[in-house]
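J.: Following the hints, complete the assembly by docking chain B onto the known chain A.
Chain by chain, the residues:
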Amino acid sequence: MEIQLNGNAYPLDKECNIDDFLSKLSIDKTKVAIELNKSVVPKDKYSVTKLAHKDVVEIVTFIGGG
Amino acid sequence: MSDIFKIGERTFHSRLIVGTGKYKDLQETADAVEASGADIVTVAVRRVNITDTKEPLLMDFIDPKKITYLPNTAGCFNSEDALRTLRLAKESGGWNLVKLEVLGDEKTLYPNMRETLVAAEVLVKEGFEVMVYCSDDPIACKQLEEIGVAAIMPLGSLIGSGQGIPNKLNIEIIKKQSKVPVIVDAGIGTASDAAIAMELGCDGVLVNSAIAKANNPILMATSMKNAVIAGRQSYLSGRMDKINIASPSSPVKGKIN
Chain A
914 MEIQLNGNAY PLDKECNIDD FLSKLSIDKT KVAIELNKSV VPKDKYSVTK
964 LAHKDVVEIV TFIGGG
Chain B
16 MSDIFKIGER TFHSRLIVGT GKYKDLQETA DAVEASGADI VTVAVRRVNI
66 TDTKEPLLMD FIDPKKITYL PNTAGCFNSE DALRTLRLAK ESGGWNLVKL
116 EVLGDEKTLY PNMRETLVAA EVLVKEGFEV MVYCSDDPIA CKQLEEIGVA
166 AIMPLGSLIG SGQGIPNKLN IEIIKKQSKV PVIVDAGIGT ASDAAIAMEL
216 GCDGVLVNSA IAKANNPILM ATSMKNAVIA GRQSYLSGRM DKINIASPSS
266 PVKGKIN
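Chains A and B, in that order, are what the protein sequence lines are.
In terms of our numbering, the first sequence has 953 at position 40, counting the first letter as 1, and numbering is strictly consecutive.
In terms of our numbering, the second sequence has 193 at position 178, counting the first letter as 1, and numbering is strictly consecutive.
Calculated directly from the structure, the hints in this document are not laboratory data.
Remember, predicted model here, so these are calculated numbers, not experimental data.
Certain hints may be false.
Label-pair ranges, simulated between beta-carbon atoms [to be verified]:
id: 1; chain 1: A; residue 1: Asp957; chain 2: B; residue 2: Asn182; range: 20 to 30 Å
id: 2; chain 1: A; residue 1: His966; chain 2: B; residue 2: Thr205; range: 25 to 35 Å
id: 3; chain 1: B; residue 1: His28; chain 2: A; residue 2: Asp957; range: 25 to 35 Å
id: 4; chain 1: A; residue 1: Lys963; chain 2: B; residue 2: Lys69; range: 24 to 34 Å
In the BS3-like style, the derived pairs of lysine-lysine whose C-alpha atoms are separated by at most 27 Å in a straight line are [what the hints assert, rightly or not]:
id: 5; chain 1: B; residue 1: Lys69; chain 2: A; residue 2: Lys951
id: 6; chain 1: B; residue 1: Lys81; chain 2: A; residue 2: Lys944
id: 7; chain 1: B; residue 1: Lys105; chain 2: A; residue 2: Lys942
Covered stretches of chain B, as calculated for chain A (at least 3 residues, CB under 8 Å) [as the list claims (entries may be wrong)]:
id: 8; segment: 26-39
id: 9; segment: 50-60
id: 10; segment: 233-244
Virtual Cβ for every residue (Gly too), placed ideally from N, Cα, C.
Chain A on its own, in the form it takes in the complex:
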């Protein structure tokens, strides 16, 4: 299966939840926010939210800005 991750195609060999996905990417979940198909996913729902084929995922963080 394949998802859209931050604007690019990203292959996923099996279905996984957001918690697992962040671990796989070595991303600290306290430092990011996630949007799944244009809806914000609350942090407490990461373990029960599964990623599916063709899902559109955005992972964002804070960077320097004015």
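T.: This is chain B only, laid out in the frame that chain A set:
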């Protein structure tokens, strides 16, 4: 005398808010923020670099538990993108204090006030405390206040231009009519610009480029801190009246001759 800076339900000591963009690196950003004495920093919301997730993040250098992060919507040209960005920001940090800016044009980065008003209304209904980058138009500012925003942030001049505050009269009108804090956002080029904003009675100043693009950003951060304090104290002191003739400072009585 106590002079607390209140935005919504929060109180702050420093009236200088600094942006965290355009610095050489994250260490310089953190050093400048510290030198500025700011309690609030603006930050942008952007995609994580998936190819290098070990890359240091702003949060590793500036602790959001110590300094209030004010997420912005820089780069958003419509209300929908701005709302998406701030909903993500809220989830990321749990903050509901945000800076809304909806731009109208890439060349001037002037705010699109129609879209700004639409987004501000939705955000206020969703429980955000919204600080709004806006034009220095007293009517638009009044409309924002009626919507219930937490602070009005008119531009002094174009973002990143360093042109100061060419239209002081408008800023003064906006400050006089507003019950919520008025913060000059954009255009500050040097310390005297920040002091002028404060002398006009503004509640605060937001500075980014003037610090980041100075030859010595850390020294300029200190200078901005002092300018904001000086301008505020000057405003609170109540300046002398201007007169058109000289008035000697030394007494005339008792002069030898």
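J.: Now tell me if each hint is right for this structure.
T.: Hint by hint, here is what the structure shows:
1. A:Asp957 / B:Asn182: 20 to 30 Å: Given about 48 Å between the Cβ atoms, the range is violated.
2. A:His966 / B:Thr205: 25 to 35 Å: violated, 55 Å
3. B:His28 / A:Asp957: 25 to 35 Å: At 34 Å between Cβs, range holds.
4. A:Lys963 / B:Lys69: 24 to 34 Å: holds, 26 Å
5. B:Lys69 / A:Lys951: Given pair Lys69 (chain B), Lys951 (chain A) holds - Cα atoms ~26 Å apart, limit 27 Å.
6. B:Lys81 / A:Lys944: Roughly 15 Å between the alpha carbons, so the hint for Lys81 (chain B) and Lys944 (chain A) holds.
7. B:Lys105 / A:Lys942: Satisfied, since the Cα-Cα distance of roughly 14 Å is no more than 27 Å.
8. 26-39: As far as the segment 26-39 of chain B goes, the hint holds, because 5 residues have Cβ atoms under 8 Å from chain A.
9. 50-60: Since 4 is at least three, the answer is holds.
10. 233-244: violated (count 0)
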